[in-house]
Amino acid sequence: GNSVTQMEGPVTLSEEAFLTINCTYTATGYPSLFWYVQYPGEGLQLLLKATKADDKGSNKGFEATYRKETTSFHLEKGSVQVSDSAVYFCALVGNQGGKLIFGQGTELSVKP
Amino acid sequence: DTAVSQTPKYLVTQMGNDKSIKCEQNLGHDTMYWYKQDSKKFLKIMFSYNNKELIINETVPNRFSPKSPDKAHLNLHINSLELGDSAVYFCASSQGGRTTDTQYFGPGTRLTVL
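Residue numbers (this note's numbering), protein chains in the order written: chain L, 640 to 751; chain Z, 29 to 142.
Here chain Z stands alone, though its shape is the one from the complex (with noise of 0.2 Å):
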């Protein structure tokens, strides 16, 4: 069984066009996020969701909108892709958002804007 997996795992588009990328979670966490890893495989986080709650919200242009419709789910959805967009995109999910909890990650989606 797959703990958080994400869709597509591939997306290549081009510049303008908007998109979504799914992830879903079936290890019961209250908890979701979702990270950006650049061409240098830097990690930084984007936005975490407590019980479809918003809690993070770090600097990140409100072209990129999150939607969770139940805990189990997070979604990214971005409008207007610029070529600086590209990255892999990783979802994750924690029991709760203490400092102890352990996030699990997803296999990240791959985005290029072309």
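Next comes chain L alone, as it looks inside the complex (with noise of 0.2 Å):
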């Protein structure tokens, strides 16, 4: 069946710090490929996505490219915040459209 799966957290970086969280997955088909984040005691919240082969997802600062060839969608950002601390989740709708299978979330923190 379809899975995704996440690098190990918590990631403790210090304020603008490169940041990469990897993520690969395994799917039939063509899926869609997401990242969310929960900040605490929120709700998920669309960072970026990517619908086909190549694509590129960018917001806000972030950013996270669809490669088939290596089965990834790796999440960067150039210079990290303190306000960027947070859960980030990789996810994918596969050939069951609308069914959002997560990895396991990847905490993120962010000192000064």
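Just so you know, these hints were derived from the structure itself, not from any lab. Where a beta carbon is used, it is the ideal one built from N, C-alpha and C, also for glycine. Some hints here could point you the wrong way.
Said to hold, decoys possible - Label-pair distances were calculated between CB atoms; the ranges are:
1) L:G717 / Z:N79: 39 to 47 Å
2) Z:D46 / L:G717: 29 to 37 Å
3) Z:L111 / L:S642: 21 to 29 Å
Two chains, two separate frames, one set of hints: put the complex together.
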């Protein structure tokens, strides 16, 4: 079945450091890929998405490229801020349309 | 304007009780979902409805029953609550149930069963 694997957290960085959170997936067909963010005590917000191979999603300085050859969708940001501290979820929707399948989440903590 | 809203935000109850969580979306979407987030923050889909019709029904105990009175509302009723039902429950909606559709999430309902 379809699945998503993210790097284990927590990830602790200093402000202005470079961020990478790895995400790989297993899916048949042509899934859409998403990154959601959950701030403490809140619901999930869409951060970015990509719906076909080689698409790059970007938002708020974050970006991720849909790599079909490596089945990956790694999240990157060039310079993190304290306000980026949150849990980040990689997810896909595959051939069972509408069913979001999540990775286990990666907690990011950014220190001043 | 809140796009996807849930009530209540917190729910504390005793084992064996029956409770409901309500969800409403004002985005004009056709499809709504329920997800469960466990204590390790793992998220899993429970149900989805498209235009009041059940589309996805994951392996969930039949104590959980979704009800969609119209396409803007999807409520979750839970009978005979158990300790293991303690979790955060998220409602979401999307324009349709297509692979490319973005799902918008509510703020969550934290259920604690004592």
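Can you name, in rising order, the numbers of the hints this structure does not satisfy?
-> 2
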